[in-house]
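Colleague: Residue numbers (my numbering), protein chains in the order written: chain A, 89 to 330; chain B, 89 to 330; chain C, 89 to 330; chain D, 89 to 330.
Be aware that a few hints might be false.
Because identical chains share one entry, a pair is satisfied inside a single copy or across any pair of copies.
[Stated by the list, open to error] The calculated lysine to any residue pairs, modelled on SDA-like cross-linking and capped at a C-alpha distance of 20 Å, are: (1) LYS115 <-> PHE230; (2) LYS251 <-> GLY310; (3) LYS295 <-> TYR275; (4) LYS123 <-> PHE230; (5) LYS251 <-> ASN225; (6) LYS160 <-> LEU249; (7) LYS197 <-> LEU101; (8) LYS229 <-> GLU117; (9) LYS98 <-> LEU128; (10) LYS309 <-> GLU106; (11) LYS140 <-> LEU330; (12) LYS314 <-> GLU303; (13) LYS197 <-> ASN225; (14) LYS314 <-> ARG302; (15) LYS295 <-> GLU277; (16) LYS314 <-> LEU158; (17) LYS295 <-> ALA260; (18) LYS99 <-> PHE111; (19) LYS264 <-> LEU297; (20) LYS99 <-> GLY266; (21) LYS99 <-> ARG328; (22) LYS99 <-> LYS264; (23) LYS98 <-> GLY266; (24) LYS160 <-> VAL318; (25) LYS284 <-> ASN308; (26) LYS307 <-> PRO274; (27) LYS123 <-> GLY266; (28) LYS314 <-> LEU294.
These are calculated hints, taken from the structure and not from any lab test.
Number of protein chains: 4
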Amino acid sequence: MRIIIDERGKKYLIKNEEFHSDFGFIKKEDIEKSKEGDVLKTHMGREFKVLKPNINDYIDLMERKCSIILPKDIGVVTAYTALGSGQRVVEAGTGSGATALYFGNIVGKNGEVTSYEIREDFAQIAEKNIAGFGLENVQVKFQDVKDGIQERDVDLVFLDLPKPWDVVESAAQSLKIGGYLAAYNPYIEQVLTLHKVLKKFGFSDLKSLECILREIEVKNKGTRPKTRMVGHTGYLTFARIL
Amino acid sequence: MRIIIDERGKKYLIKNEEFHSDFGFIKKEDIEKSKEGDVLKTHMGREFKVLKPNINDYIDLMERKCSIILPKDIGVVTAYTALGSGQRVVEAGTGSGATALYFGNIVGKNGEVTSYEIREDFAQIAEKNIAGFGLENVQVKFQDVKDGIQERDVDLVFLDLPKPWDVVESAAQSLKIGGYLAAYNPYIEQVLTLHKVLKKFGFSDLKSLECILREIEVKNKGTRPKTRMVGHTGYLTFARIL
Amino acid sequence: MRIIIDERGKKYLIKNEEFHSDFGFIKKEDIEKSKEGDVLKTHMGREFKVLKPNINDYIDLMERKCSIILPKDIGVVTAYTALGSGQRVVEAGTGSGATALYFGNIVGKNGEVTSYEIREDFAQIAEKNIAGFGLENVQVKFQDVKDGIQERDVDLVFLDLPKPWDVVESAAQSLKIGGYLAAYNPYIEQVLTLHKVLKKFGFSDLKSLECILREIEVKNKGTRPKTRMVGHTGYLTFARIL
Amino acid sequence: MRIIIDERGKKYLIKNEEFHSDFGFIKKEDIEKSKEGDVLKTHMGREFKVLKPNINDYIDLMERKCSIILPKDIGVVTAYTALGSGQRVVEAGTGSGATALYFGNIVGKNGEVTSYEIREDFAQIAEKNIAGFGLENVQVKFQDVKDGIQERDVDLVFLDLPKPWDVVESAAQSLKIGGYLAAYNPYIEQVLTLHKVLKKFGFSDLKSLECILREIEVKNKGTRPKTRMVGHTGYLTFARIL
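For reference, chain A alone in the conformation it holds in the complex:
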C-alpha cells in the first residue's frame, strides 16, 4: 500500500492497482516497486511523491460509512486515559473503524483492541479497513455490546454509543483496577444520565469536558483564527475503577 502525492499536495491511497487522474496514469508495477520518497511520473510527465501512509493518512483516505470521531477528541481520550503501548482496549461501536485503528496504532503488537459493532455493514467495512492497514492487534466483533463485554483486565473501555449507560455495569467488570471508561456523546442529556449510572456502579474520578480546536491561519495578508470552525463534536466523559 502506498500514498502518492500530486504537485498540489493532494494525496491518493493506492492498493495494488493502476493509478488514473487528470494528471495521467501510472502503472501498477511502477507503484509496487517504488520506495518511500521516490518520485513517479505519469505518462504525461507529471510527478507524484511516494509515501508509506501512517494511520492518519490512511484514515483520511479509507472508505467510510459514517462520520468518524475527530483526532482532537481521540487525542484527548488517549492523554486522559494514559493509553500506551501494550494495553488492552475495548470499544463500542466500531463504525468505520477509525478509532479502533487509532487505538491499535498506540497499543501496538503487545496490546490489543476489541471493537463491538451491532450493524453488519459497519462491521464489514471496519474489518476491511483494519485489514487494509495490516493491524493484527485489532479485532471487530459483530455483536451487541449490551449482551456483555467478554474481555477482562482491560485498560480502557471506550463507548461511542447513543446509550452508553447500558454498558456501564459490564464495563465495570471488564476493567482492571485503575482502568478507565471513556465515552463520547454529542448531547448534554447523555452526559447527565451517564454520570448517574457511573456513580451507581462505583466509578470514581468522574470528569466531563469538551475539546474545542481552533485552527490559526498564517497567511501573507495576516494571521487569525479561521473564519469557520467546528463548534461542537461531542462531550467526553471519563471515569475510573479504583
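For chain A, the structure is supplied; the task is to place chains B, C and D on it using the hints.
Modeller: Just chains B, C and D now, kept in the frame of chain A:
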C-alpha cells in the same frame, strides 16, 4: 512503587518508604507486600486503597521544577502526528520529563524517546523521574539541541523551546520521510517566525492550532461549564517532511 | 461625583468627601471645584487626574452585595434585542442594580427601566446606586415579580432569576408585539425548562447562546490570549412576541 | 415600512409596494393600512403577520454591499464603551451602514452618529439604508477619514478600517476626556501595530479581546452547541483618553 488513595480520593505516591499523614501511618513492608486493589489500614484505622500508578498518576505526583505541558496538548500532538507503538521520538527541551514520559508510554519497548535538555538541574530531575517510573526506552541528553540532533529516521521531533526555529534545519535531517515536527509555543510571534523557517527548509502540511478544553460541572444544582478555565497554554504547530 | 485616577491608573470614586490614600490626601472642596481633565495634587505632591465617571467606571466602583452580570453578556443582550434610546425595559431581579444602570444609560430620558427585586437589602443598595449615578429613568420595585408585571407595551423583559419560567406568562402580557424576553441562566437545565415554557406561551424566535470572551495580552515578550479566563458565566436565552 | 412574516417564520421588508411570493400577493394599500399585529391574507388565503421592524429586523433585510459586523461584536463595543442615549459617535468606514444604524438606535434623538466612508458606492447605499429606517441622527460623510475627523467632544470613535492607526492621532483630538476609541480588526498583526500607535498618542486602558459566540441547539433529540460556528470575526481593541 504504589499509589495509595485516602477516603477523600486524594492520591499519594509511595516509593519504598513508610507513609505518614493526618490519618495515621502505614508501615513500609505493608505497602511493599500490598497488591493493586488491596485496602491498607493506618494505625488509626483509616483505610487507603492501593493502586499501581499509570503515567498520568505518576506525572501528577512526581517532582517538578517547571510547568509541564497539559494532557490536552500532548493528546492533540499524539493524534495529529499519528504517534504509536514502536516509533522513534526526539524532543527538546526535557523540562521535568513529563512529555518524555508520556511519549515513552506510547512508543513502548520497541520505540524510543530521546530528550535534549540544556539545563543540568532539569536534566537531573527528568532522569530521576523517568527512572522512577521504570521506563527504559527514554533517554535524557544533557546537551544543547542547537548543536544538532544526532538521531536519524525519527518519526516525531517535538520542540518546546523559546526559539524552535533554531532546530528546524537539524530536525529536517533527523526526520524520516513522512515524519512530523511539532512545536509548542505560547506566543503568536513565535508561530509566525516558525512558519517562515519551516517553509524555508522544505516542510509541508504546515498547520497551527490551539486546543481549548472546557470542563463541564455536573452537580445536583445543575450542569454548566466551569466558571474558571485555562484560557491559553500554547499554540501547536505541525509540519511534515514529504 | 468624580473619579480620580492615580499615577498607576487606579481609579477612586469620590462623593462629597475628602480623599485619603497612601499617596496623601486631597481636600473635599478641591475635588468639588475640579473639572474633568484637571490634575489634583495631594499634600505629598502626588498627582491625580479628575474624570467624570461613565456608567462602566461607576459600576466598577459602586457598592455591590452580589455578583453582577458581566459587560460581555449585557452587551450581547443589548445587541440581540435591538435595545435603544426611548425604549421601555422591565428587569428582575435587580441585584446591586448594575444591569438596571446599564439599561437606563441606553434607553435614556425618553425611555424607562423598571426593576423588580424580592430582597429588601438588594433593593436598597440598588436604589442607592441608581440615585448615586443620577439616573431618573430607572425605578426599583421591592416586589416579587412572580406576583405579576404591571408595566405594559414593554420592549424588553430581562430575567436574571433562578426560575425565569415563573414569569414567562406575565412577560408575554407585558411585552409589546415584536418585544423581547431575554434570560440569563448559569445552568443548562434552566435553559431547557425555559424553552418549554416559552413555547407553551407562544413565544417565537427562541435562541440560546453563550458569549465567551478572550482577552489578548499584548506585551513586549509576545502576544497571546490570557492564561486564565472566565470559562462560563451564564447562558443567554432570547424569545420574541410576534 | 412594514415587516410581514409568513407561516414558516420568514420575514419580508415591505416599503410602499405590492407583495408577491409563492404564497400569493397582497395589495399595497392593504399593507399600508395594516397595524402591527394584524394578519394579512394573500389572494391564495395564506396568512402573514404584520410587524414594525426594529433595527435588527431592518439590518437583516436591508441591501448590503459588504459584510457587516456581527451583533455579538457590536454588543461588546457598546458595553465596553458605556455607549448610551445622548452620546456622540464617530465611525469609519460606514460600509453598508449597519453599525451606524445600530449606534444611531442607541444614542437616540439627543445623540448623533457621524460615519466616514471613502467609497462612493458604499456611502450611497448606507445613506439609503439610514434614510429607509428614518434615523435622523446619523450622518454619512463621503470623505477620507485620514484627512481628519472634524467632530469634537466625541464619546466614541469606532474604527473598522484596514489601517486604523492612521486615524489614531486625529481620534485623540476628537475624543472628549474619558472617551473611547474602539477598533475592529481581523488580523492579529493589525492589533499589534494599533497598540504601538495608541501608546504613542497617549491613550490609556488599552485592551484587546475576542468575542466568541456559541449557539446552543435545544431540540427534542437533545441539547448541544451547534456543530458549525463562526470561529473568528475580528479582534476588538479599546483605548481611552484620560
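Colleague: State for each hint whether it applies.
Modeller: Hints and how they fare:
1. LYS115 <-> PHE230: neither (37 Å within a copy, 50 Å between copies)
2. LYS251 <-> GLY310: Classified as between: cross-chain Cα gap 13 Å, same-chain 45 Å, threshold 20 Å.
3. LYS295 <-> TYR275: both (15 Å within a copy, 17 Å between copies)
4. LYS123 <-> PHE230: Cα proximity of LYS123 and PHE230: none, with 37 Å in one copy and 36 Å across.
5. LYS251 <-> ASN225: neither (27 Å within a copy, 40 Å between copies)
6. LYS160 <-> LEU249: This pair counts as within: shortest intra-copy Cα distance 19 Å, inter-copy 23 Å.
7. LYS197 <-> LEU101: Answer is neither: 24 Å inside a copy and 30 Å across each miss the 20 Å cutoff.
8. LYS229 <-> GLU117: neither (36 Å within a copy, 45 Å between copies)
9. LYS98 <-> LEU128: Answer is within: at 15 Å inside a copy they meet the 20 Å cutoff, but 56 Å across does not.
10. LYS309 <-> GLU106: neither (41 Å within a copy, 46 Å between copies)
11. LYS140 <-> LEU330: Classified as between; 10 Å across copies, 41 Å inside a copy.
12. LYS314 <-> GLU303: both (6 Å within a copy, 18 Å between copies)
13. LYS197 <-> ASN225: Intra 6 Å, inter 16 Å, cutoff 20 Å: intra and inter.
14. LYS314 <-> ARG302: both (7 Å within a copy, 15 Å between copies)
15. LYS295 <-> GLU277: both (15 Å within a copy, 18 Å between copies)
16. LYS314 <-> LEU158: For LYS314 and LEU158, the Cα distance is within 20 Å both inside one copy (17 Å) and across copies (16 Å).
17. LYS295 <-> ALA260: Within one copy, since 16 Å is at most 20 Å while 39 Å is not.
18. LYS99 <-> PHE111: The answer is within: 13 Å in one copy meets 20 Å, while 49 Å across copies does not.
19. LYS264 <-> LEU297: neither (24 Å within a copy, 35 Å between copies)
20. LYS99 <-> GLY266: between (41 Å within a copy, 12 Å between copies)
21. LYS99 <-> ARG328: So LYS99 and ARG328 pass the 20 Å test across copies only (14 Å; inside, 40 Å).
22. LYS99 <-> LYS264: between (41 Å within a copy, 18 Å between copies)
23. LYS98 <-> GLY266: Intra 43 Å, inter 14 Å, cutoff 20 Å: inter-copy only.
24. LYS160 <-> VAL318: both (11 Å within a copy, 17 Å between copies)
25. LYS284 <-> ASN308: Answer is between: at 10 Å across copies they meet the 20 Å cutoff, but 51 Å inside does not.
26. LYS307 <-> PRO274: between (33 Å within a copy, 12 Å between copies)
27. LYS123 <-> GLY266: Between copies only: 12 Å across, 44 Å inside.
28. LYS314 <-> LEU294: Between copies only: 14 Å across chains, 33 Å inside a chain, cut-off 20 Å.
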